[in-house]
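Student: Here is how the chains run, residue by residue.
Protein chains: 2
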Amino acid sequence: MARVVVDVMPKPEILDPQGKAITGSLSRMGFDGLNVRQGKRFEIEVDGGVTEERLVQVKEAAEKLLANTVIESFTVHIEDN
Amino acid sequence: MARVVVDVMPKPEILDPQGKAITGSLSRMGFDGLNVRQGKRFEIEVDGGVTEERLVQVKEAAEKLLANTVIESFTVHIEDN
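These protein sequences, in sequence, are chains A and B.
The numbering of the first sequence is this note's numbering, which starts it at 1 and goes up by one.
The numbering of the second sequence is this note's numbering, which starts it at 82 and goes up by one.
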């Protein structure tokens, strides 16, 4: 059955302290040359399967709740699980 | 230039209170029939580009820092940005 995935990331111009902290930790652990940005991933099971209407609904839910669109951007895609 | 993405999700058998809370909020907002699980997404820029060795390095970094492999599982894939 398919599910919808919403990926939420901080906008490029926004400071990403979590990502910076992880990059620093990785470097201290010997993992050099990796620059990390951290975001959120939402996996959404949709009752009755993924239809166009449902996809519009998920995009609206992402705009209203899953992402803070002032500082974050999001993408929506369908995945087979 | 390509980047590496690490997606981290709670293991299916693990309780996901954040996902449950979001599912409840969405339902109260009128978005019924959506069952949400929340995880983390890491976008990793790799100095010198993505090679097999770098991919192995990122997998190791995911195991050691990005995911708590007791309660989370992760996948690694390459994305063009």
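It should be emphasised that the hints constitute simulated quantities derived from the structure, not laboratory data.
From the three backbone atoms N, C-alpha and C, an ideal C-beta is built for every residue, glycine too.
Heads up, some of the hints might be wrong.
On the chain B side, residues computed to face chain A include the following (Cβ under 10 Å) [claimed, not checked]:
no.	residue
1	ASP88
2	ASP113
3	THR150
Student: For each hint, tell me whether it holds in the structure or not.
Tutor: The hints, checked one at a time:
Taken as an interface hint, ASP88/B checks out: its beta carbon lies about 5 Å from the nearest beta carbon of chain A, inside 10 Å. The criterion of a C-beta within 10 Å of any C-beta in chain A is met by ASP113/B, whose closest approach is roughly 8 Å, and the hint holds. For the restraint placing THR150/B at the interface with chain A, the shortest Cβ-Cβ distance is roughly 16 Å, beyond the 10 Å limit, so the hint is violated.
Hint compliance for this structure: hint 3 alone is broken.
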